[in-house]
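First to last, the sequence lines map onto chains W and B.
Mapped onto our numbering, the consecutive letters of the first sequence carry residue numbers 1 to 567.
Mapped onto our numbering, the consecutive letters of the second sequence carry residue numbers 1 to 199.
Hints are supplied without guarantee of correctness; some may be wrong.
Claimed, not checked - Derived DMTMM-like pairs (lysine to aspartate or glutamate); straight-line CA-CA distance at most 20 Å:
{"hint": "1", "chain 1": "W", "residue 1": "Lys530", "chain 2": "B", "residue 2": "Asp116"}
{"hint": "2", "chain 1": "W", "residue 1": "Lys427", "chain 2": "W", "residue 2": "Glu548"}
{"hint": "3", "chain 1": "W", "residue 1": "Lys195", "chain 2": "B", "residue 2": "Asp10"}
{"hint": "4", "chain 1": "W", "residue 1": "Lys195", "chain 2": "B", "residue 2": "Asp88"}
{"hint": "5", "chain 1": "W", "residue 1": "Lys505", "chain 2": "W", "residue 2": "Glu548"}
{"hint": "6", "chain 1": "W", "residue 1": "Lys195", "chain 2": "B", "residue 2": "Glu9"}
{"hint": "7", "chain 1": "W", "residue 1": "Lys530", "chain 2": "W", "residue 2": "Asp80"}
These aren't lab readings, by the way, just hints derived from the structure by calculation.
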Amino acid sequence: MTTLEATSPNASNAPDPPVDNYLTYTRGVLSWVFTLDHKRIGLMYLVAVLGSFLVGGIFALLVRTELLTPGATIPGVDADVYNQFFTLHGAIMVFLVIIPSIPGALGNFVLPIMLGAKDVAFPRLNLGSFYLWIIGAILAVLSLVYGGFDTGWTFYTPYSTTTSTGGVIPVVTGVFILGFSSIFTGLNFVVTIHKLRPPGMTWFRMPLLLWALYATALIQVLATPVLGITLLMLIVERVFQIGLFDPAMGGDPVLFQHFFWFYSHPAVYIMILPAMGIISEIISVHAHRHIFGYRFIAFSSVAIAIFSFLVWGHHMFTSGQSPLMNVVFSLITFSVAIPSAIKVFNWMATLYRGSISINTPMLYGLGFIFLFTIGGLTGLHLGTLNTDIHLHDTYFVVAHFHYVMMGSALIAMIGGLHHWWPKMVGKMYDEKWGIIGFTLVFIGFNVTFFTQFMLGSHGMPRRYYNYEPEFQIYHVISTIGSYIMAAGFFWTLFYLVQSLFSGAKAPANPWGGRSLEWQCTSPPPHDNFKTTPSVGDCYDFSVVEWDEEEGGYVINRSKVEESSPDH
Amino acid sequence: MANIVSPFEDPERRLAAGRFGMLIFIASLAMIFAGAILGVLVVRLEDEGTWPPPGMPQLPWSLLASTVILVASSATFLRSTRALRREDRPVFVRWLTVTLVLALVFLVVQAYAWWDLLGRGMDFSRHLYAWTFYFLTGLHAVHVLGGVIPLWIVTRRVLRGDLSAPVRRGVAYTAMYWHFLDAAWVVLYLTLIAGTLER
């Protein structure tokens with residue numbers, strides 16, 4: 001049974017049955033290829049997403065290297081090739097890395113365990129989502145064989161329907177399929193959270209990551225189909241040279257932008273909401289302090305999900321929208337700042353007087369708060385009509401969205417990876433090495449992208465191959481930053497892989513977490529729980545104690561009894 | 001057992017979760033159709049000419065016929081699932097079979113409409129009126145095809161006397177999807193008609 005009873009007094013006295021582990025439960029390649037285990041599927045997503053991250057990162061480094069000097073820098077890279085570089089970087093990072101990273105990899109791994117379930121509601125659909133992702137990714141990469149594509153990741157018409165690069169249809173088809181992967185993952189998570197909560201796991205006892213993944217799933221399910229139909233119409237239009245977006249035949253190219261951003265604005269919340277969920281977990285666990293304002297954080301996730309559908313027009317202030325629409329979209333855009341700020345203040349309040357462990361996940365958590373605040377506040381400049389006219393399509397925009405998409409979403413993902421790494425693989429990474437990795441990434445990131453705020457406000461347009469000589473110093477600094485960051489990521493990859501071979505064995509609860517995933521062994525058994533874990537307040541750290549014999553934290557059952565009178 | 005096919009051990013709860021999942025899937029599909037319809041309406045309102053443009057045929061009567069057939073198939077599916085709920089098996093099997101036949105007839109009529117219009121000069125790439133017709137009916141037909149296949153599978157199994165839990169779940173999910181296709185078609189048909197009204 002998946003049900004977990006509230007702790008019985010003698011639960012801790014019962015001898016533990018022998019524990020298997022999901023990594024070795026069955027053996028052979030086929031046991032992975034056809035696995036329905038959410039943990040294995042999450043791990044496969046993780047490998048696939050990190051592989052894509054490497055490819056997208058190489059394109060980023062090529063872009064940065066090319067921009068070291070005005071005009072040609074890398075031999076053989078002319079403006080057309082450069083256009084393909086930044087397009088591939090954007091498309092891969094958005095559709096193959098950031099969107100699936102947290103829900104697909106970490107979400108799949110921890111969501112059912114945190115909830116106290118055996119698996120997601122539809123395990124076969126979950127595996128199907130993964131293979132849809134693989135097919136979409138193959139098509140996207142296959143576009144290179146057909147001549148690549150230079151449309152930018154936004155595929156704006158009429159350029160995308162007329163450009164001579166032959167890879168547009170493969171990549172758009174790929175993104176279309178990736179969209180369905182995302183929809184089915186969202187569907188699975190919504191149903192899992194509704195239907196698989198065990199007794200005792202009420203909505204307001206769920207860890208905040210689950211609220212965040214739930215809000216994300218709502219966006220995935222309702223916004224992604226609009227991208228699907230838009231891309232379908234784009235493919236038809238490119239093939240037959242007629243469609244709703246072609247002005248020559250009575251169509252409307254701005255309609256494409258409306259449709260595209262109706263998905264792609266909510267999509268940035270598909271990226272950031274799960275990241276915020278991870279931060280809520282990291283901050284409270286590593287500060288060993290009850291999360292501050294649980295309900296506010298939970299509801300602000302849902303509020304952000306709702307607002308996300310109402311602000312797409314702020315990407316189109318210069319696209320010839322009516323001035324009235326611009327004002328309306330600008331106003332609604334500002335309202336997103338409220339739930340976002342609520343979260344930041346609550347994290348700060350959680351840290352206040354907490355007993356903060358400065359370790360790698362916590363550093364990534366603190367780094368997130370710093371970077372997200374910069375990314376969020378610069379968003380206000382862009383949401384303001386008069387400043388946006390000046391900053392639109394400059395490096396200011398590039399810097400802003402890298403602070404939120406990379407500095408926040410991806411940094412949270414890497415932080416979450418460290419947080420759950422002992423749980424996923426059963427080994428501890430080296431803490432000192434982790435801190436070195438974080439330092440490189442954090443410094444490199446700010447050198448790269450803070451510089452770009454300067455570039456943008458001085459008028460350097462985005463996506464340009466060539467530039468005026470006075471911009472060169474900023475470009476050089478930014479490129480150096482990107483190399484530092486790359487070194488940090490390669491370093492991180494190195495010590496994480498190294499930990500698989502020579503890391504210390506991870507205890508069940510290395511950080512002192514209280515949510516359910518810390519109550520099963522590391523790595524977890526095939527069906528997650530061998531003994532019934534106790535569903536309590538997942539942020540009540542007063543009952544968590546260090547146990548020398550265990551080498552990790554354990555939950556003091558007698559304190560649980562005292563602190564929850566309903567048991 | 002190496003794999004957990006479903007984490008639900010109680011069949012009732014499994015069915016309830018499946019129905020809920022199907023509901024969400026339908027909401028997703030509804031957004032696809034809503035996007036297509038909204039796009040068509042915006043472009044139609046921006047076009048100052050008449051639809052159909054000179055030289056192109058009106059919407060054929062066969063569309064009205066196919067509408068009636070699809071609505072009827074939804075009604076027969078409803079009768080069939082209601083019969084299953086009270087375990088009236090002969091009635092259930094009869095109406096399920098009728099539904100499958102109506103579904104196939106619907107696709108045949110749609111194909112006829114395409115063939116008919118193509119013969120009368122309704123060229124897909126000549127005007128957005130034609131584009132709209134083929135795109136919306138095509139989009140819907142693909143989804144109907146995606147419904148006929150599971151409907152055919154469950155009907156075949158039912159006709160062989162298989163009324164096991166998986167088949168019952170299949171019938172329940174297919175029915176939900178089918179009613180959605182019915183409603184979506186009615187809205188699409190009204191959209192096509194609205195396109196031909198004077199601005």
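Check your understanding: CA of W/Lys505 to CA of W/Glu548, is that 20 Å or under?
Key -> holds (14 Å)
Check your understanding: Does W/Lys195 pair with B/Glu9 here, judged by a C-alpha cut-off of 20 Å?
Key -> holds (12 Å)
Review point. Quick one, are W/Lys195 and B/Asp10 close enough, alpha carbons at most 20 Å?
Key: Holds, at about 12 Å.
Point to revise | Pairwise hint evaluation, W/Asp80 against W/Lys530, where the allowed Cα distance is 20 Å at most | key: Not satisfied, since the Cα-Cα distance of roughly 58 Å exceeds 20 Å.
Check your understanding: Does W/Lys427 pair with W/Glu548 here, judged by a C-alpha cut-off of 20 Å?
Key -> The given pair, whose Cα atoms are some 18 Å apart, holds under the 20 Å limit.
Exercise for review: Could you grab the alpha-carbon distance between W/Lys530 and B/Asp116 and see if it respects the 20 Å cut-off?
Suggested key: violated (65 Å)
**Study point:** Pairwise hint evaluation, B/Asp88 against W/Lys195, where the allowed Cα distance is 20 Å at most
**Key:** violated (30 Å)
Of the hints listed earlier, those the structure fails to meet are numbers 1, 4 and 7, in rising order.
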